[in-house]
Amino acid sequence: MTANIFLNGLQYLGYILIFPGFLFCFLCGMLLVGIDRKLVARMQKRVGPPILQPFYDFFKLCGKETIVPAAAERTTFLVAPIVGLAALVVIQLFIPIHGFTAFSGMADIVVILYLLLIPALAAILGAAASGSPYAGIGLSREMVTIIACELPLVLVLLAVAKTVGNALGTGLCFSMSEIAEYQLQNGSLITKFSMIPAAIAFAMVIPGETGSHPFDTAEAETEICEGMHAEYSGAPLAVFKLSHAVKVLTLTSLFVALFFGGIGTGIIAFDGVIVFALCVVATALFISFVHAVTARLKIEQVFKYYWTVVSGLALVSLVLAWYGM
Amino acid sequence: MFKKLIAESTAKSPWLFHINSGSCNGCDIELVAVLTPRYDVERLGFKLAGSPRQADIVVVTGPVTRQSLDRVLSAISQVPEPRCIVTMGSCPQSGNVFKGSYSVCAPLSKYVHVDVDIAGCAPKPEAIMDGLVKATEILKQKRGQM
Amino acid sequence: MNLANMTDYHHFPIYSVMVLFLGAFIIASTGSKPSKDPKNPAGFRAWIALCATALSLFFLGSLVKPVMLEGEIISYWMGSRAIAGGYAIGIAMEVDALSLFFALLIATAVFVSAIYSIRYMVHDECVPQYYVLYCMLAGGVLGLVLSGDIFNMFIMVEILTFAAVALTSFRTKVYGALEAAFKYLVVGCMGSTAILTGVIMLYAQYHTLNLAQLANLVPGTMNNATKLAFAFLYIGFSTKAFIVPFHPLAADAHGAAPASISVLISGVLTKSGIYGIIRLTYFLFQTMNLGSMQFMLVFIGSVSMFVCVTMALAQHDFKRLLAYHSISQIGYVLAAVGLSTSLGISAGLYHAMNHTLFKGLLFLAAGAVLHETGTTDLGKLGGLSKKMPHTTVLFLIGAFSISGVPPFNGFASKWMIYQATYQKAVESNNIGFLLVTIVALVTSTLTLASFVKVTQSVFFGQMPKEYENVKEVPFGMRLAMGILACLCIVTGLFPKTVTGVLTEPAAKAVANVGEYITAMGFKSNLPVPNVTFAQVGVWEPINWLLILCIALLALTIPAVAGKYDRVSEHGGPLGAAIEMVSGKNDQPTVDENGEVDTKYQLFYGGEKNVYSQVGGGDLFWGFKHNWRHYFDFMHNLHSGIVNDYALWAVVALALAIVYMMIVL
Amino acid sequence: MIQFNYVCAFFLIVLGFYTIVTKYNLVKTVIGMSIMDYGVNLLIISIGYTPGGTAPIFTKGELTQASYFVDPIPQALTLTSIVIGACVTAMSMSLVMRLHESYGTLDTREIRRLRG
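Protein chains in written order, with this note's numbering: chain A, 394 to 718; chain B, 150 to 295; chain C, 14 to 677; chain D, 1261 to 1376.
Wrong hints could be hidden among the right ones.
[Unchecked claim] Covered by chain A, per the in silico footprint, the following chain C stretches (three or more residues, Cβ under 8 Å):
id	segment
1	40-49
2	449-455
3	459-472
4	622-634
[Unchecked claim] One side only, chain A facing chain B, incomplete, derived with CB under 10 Å:
id	residue
5	Val440
6	Gly441
7	Pro442
8	Pro443
9	Gln446
10	Phe448
11	Ile460
12	Ala560
13	Gly562
14	Glu574
15	Glu612
16	Glu619
17	Ala688
18	Arg689
19	Lys691
20	Glu693
If you are wondering where the hints come from, they were derived from the structure by calculation, not from laboratory data. C-beta: ideal position from N, C-alpha, C; glycine also.
Construct all of the structure, not just a fragment, from the sequences and the given hints.
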């Protein structure tokens, strides 16, 4: 495996830097967040910021001065956002876009579930390194949100693995590319009725995992002054905002890959556009709509909500998948 | 190439940090009114930031009472460079009706270089937006010289 | 005994055990006058202990090729009295892949901990006795793992229990050390009595004490006495492994013992308990093909997995938190081994190895914090990363490993365990095992949560005034931690080779009991099973790390490039960030009375610089609030009274007897 | 007759458990542990007994195929078990002494600093 990576290195470098890698994530992630803020504004009868607002925010922050507080641990404080963003982009490489995966055969679903931990852990370490009490409260809430989102995510992924496994006859199948191929042949997983509760559960997990409005107790600007990013300014903060945007893209494209894999033509360019369109619809429905309608929850309500309502839905689909529906 | 892009986007996405140094909350309500759907200053890119580290424009309301003076100054000092100090309402500019009181160290400009003064005892939202837009121009020039 | 005969590897098992006991004897005979050198109170005795552990590690290391790769089983008779009249008379040592796997694990942990304790035991008195007990403990555990005679195993269990109890209460002035040692001794002695009763019941039925012969005779002829013996032996060994009903012992013992001993208790003694249970269930009684036996082991494994991780979340002391975690990881190992599928056993053993490595590293880091600041209370510490940067980095490697963050070794073995349990659930079409996978995944996140809590309350956040003059730990301690950290990273990056060389031969040995019996000279008709380790999932850590490094490079190049185009001193998108790392940018200025100027103070809503550390108890309020009834109940359940723990032990014994009578 | 020994042995073991579990005095716990040990020793000895057997000691010239010996191995095991019992009692009594010195009491309900 390592050998042929060096062989067609240029192609892989292209994957990392351009298509499902940095450029794609940067542009599509920022666009998604722009569309999200615009939709929320429109739902409140406001004109709302231009779609390219996240780009302006990013470049403004790059121009700002970076202040490292005296109480902070300098290197961890500055390196944490970069590692978080890099890990997030690497996850995007493993997610199939209608059958085409940049690096298949390297990580299966459970590994992707755990790779999603690294960006969150990087943000937590950055917050811990800044030494601010607001950041301390923020990271404690972020950790509780991660625990809350972990259970439903696990149940959904096990249900998907079991359903595809039943069809392939091996009983369970963890690898993403096999799931993508299965959906190519017999249609998206959403069409199977045992998968509908799992899709809804995954949709409910997306706002929690990305920390968008009703579940953004970790970065509550009003209560704990931007929570984990309280002491960040300038370029590191720009990288954190960018990784938030890329996380929205990663989770929605994972949702599309898992449940809407069947939709799409063969040509890679069109598939990219179609998948991005589906991601926009997913963001609109699950993040913007929920943001405009709800108020921020207390952290123990977030935990209770995820471990009862959403996990129950995911459990329903797991049991259905288990008995071969 | 970057310099122009950064200067351009500094003007397009100014983030506000609101410090209340003992105001009667008249100006605070007006500032929030500017963010509501009717006036919607967010279409120009404005956003309320939670901590001074993430702010570009610091909006100070209230007659800077003695109790809050050093707190206001330490908060302003924590805002990273290209920043703009905006005083809203006449209290921070002259102390308004509270001028001469033992506990008011009124004109903020005695302690900090103030860039934009928005006049009015509870200025109208249009005046606030005009002041804030002027502040973004100043930000852009400051960004250019840095 | 010419030299050629001496260096023949068949003698190495007894050499490795005897070297340690010899070391203990020599140190004991050199009196207890501490040496004048302040940095190393035990003087040359520390070097004797170090050489003894190094030699035993060398002997076991050279056994890897014949036993692991070529699959040979070394049987060694003490006093060369072999089988007379069909009965094994002498005491035998039998080293197959499973025992060698555990022996290697134990020898590495013992060697590294010896390096650490040279500089760690500086503040203590009568350190020579510490090294005597240390070598006795190491020798006892190695003897237990390598012995082929069940009564010899009992003797070694006694030796290691005595040494562990004495070492737990070594620092008598530590809060609660004597009490922890007494509780450990009482319930440990009950466990040993249970083992002795079980051994004697077996001898009464089969008139032999040799493991291989028992494995040959027992499976067919199971009457009530042997079932009783099985129950007693099982409870005895689970006392040594600190599984659920006996886990408070471990929490007290680790909390009070010196860090280098906590490494041994958590990394080594628990593994010897697990080894005993594996020998018991797979070899002696061969009951693991019964569904109910698998259910028992997996159930106890997952209960101890979940109970101990939630207890750990509620702790206020660094070492007690680590102690509860080691029991929860032992729960993982037991659940995986209890599946009795070859992949399950291989995953369980792989996790046992990883656990010894990262748990040793974490305890050494806790010891370093105790060595420098004098306390391990999570509420009082904070911000030590500025004063102890190396310890922080090493601790973070250990914390990431235990909580299963991808590139490190904890993830590789936990990932294999999830697959093993899920595959078992699919094969046996029994939804119970699916529950175990879910509990395992959720427990792993709770482990991550408790280590985030430790990171924030000990190493990051704000530093209290009294730790101003804390400085980095001496090099010897950091060397020990460094060795374990490198092992953690290496075993994490090469799961295929590590499992191929170490855990798969051991798993084959567990499945292949027939060869174990014939190696001792008894005829056995058990078939040689063909063992496959087919894995459904796929995980290539090296390639993933390669892509991550390329991505990291891709991020930093524009940043560094930005720095040179002199547009402004803050340059391109990340210019400022990289400049800061190189420290060129403005430094926070400190005025005359040590007050940092306001620009670099933390933002407190305008207040002056105030010390307020968020750590210890006030983290994870959301989780604790939702589970408050559970936490209160568990807090009261662990009452700390000796009688309650003894009551749990007796109840567990009764339950085991009833369960074995019904099931077997 | 030998069954009576087994019943006594197991009775002693259960008595030992009873003392450890219910008595709230440290010294009584130690006594309970040693009673448990004596029970096991009695069990080991009575297992090795063959009716009509003599002590397993060889004397010159008297070695005949017909002479009955009691099984020697359990007796060897009992020796070790007695020694271990003695060590357990010695160590636990020293711990009890130090506990009394630092906690000021022998009541196990007070000695519970490490809990929760």
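Proximity test - 8 Å, beta-carbon atoms, the segment 459-472 of chain C to chain A, at least three hits: That given contact holds, which follows from 8 residues of the segment 459-472 of chain C lying within Cβ reach (below 8 Å) of chain A.
Hint check, Pro442 of chain A versus chain B [nearest Cβ-Cβ separation less than 10 Å]: At 5 Å from the nearest chain B Cβ, Pro442 of chain A passes the 10 Å test, so the hint holds.
Interface hint outcome for Ala688 of chain A [beta carbon to chain B under 10 Å]: violated, 16 Å
Residue hint Glu619 of chain A, partner chain B, criterion CB-CB below 10 Å: holds, 4 Å
Agreement of hint Gly441 of chain A with chain B interface, Cβ distance less than 10 Å: holds, 6 Å
Agreement of hint Glu612 of chain A with chain B interface, Cβ distance less than 10 Å: Check passed: Cβ of Glu612 of chain A comes within 8 Å of chain B, closer than 10 Å.
Cut-off 10 Å, beta-carbon criterion: hint that Gln446 of chain A touches chain B: Hint holds; Gln446 of chain A Cβ to chain B Cβ min 6 Å, cut 10 Å.
Coverage of the segment 622-634 of chain C by chain A (three or more Cβ within 8 Å): With 8 residues in contact (Cβ-Cβ under 8 Å with chain A), the coverage given for the segment 622-634 of chain C holds.
Proposed interface contact between Phe448 of chain A and chain B, which counts if any beta carbon pair is under 10 Å: holds, 7 Å
Given coverage of the segment 449-455 of chain C by chain A, checked by CB-CB distance under 8 Å (3 or more): Answer holds; 4 residues pass the 8 Å Cβ test.
Evaluation of the interface hint that places Glu574 of chain A against chain B, nearest CB under 10 Å: Violated, about 43 Å.
Residue hint Ala560 of chain A, partner chain B, criterion CB-CB below 10 Å: violated, 48 Å
Violated hints, in rising order: 1, 12, 13, 14, 17, 18, 19 and 20; the structure is consistent with all others.
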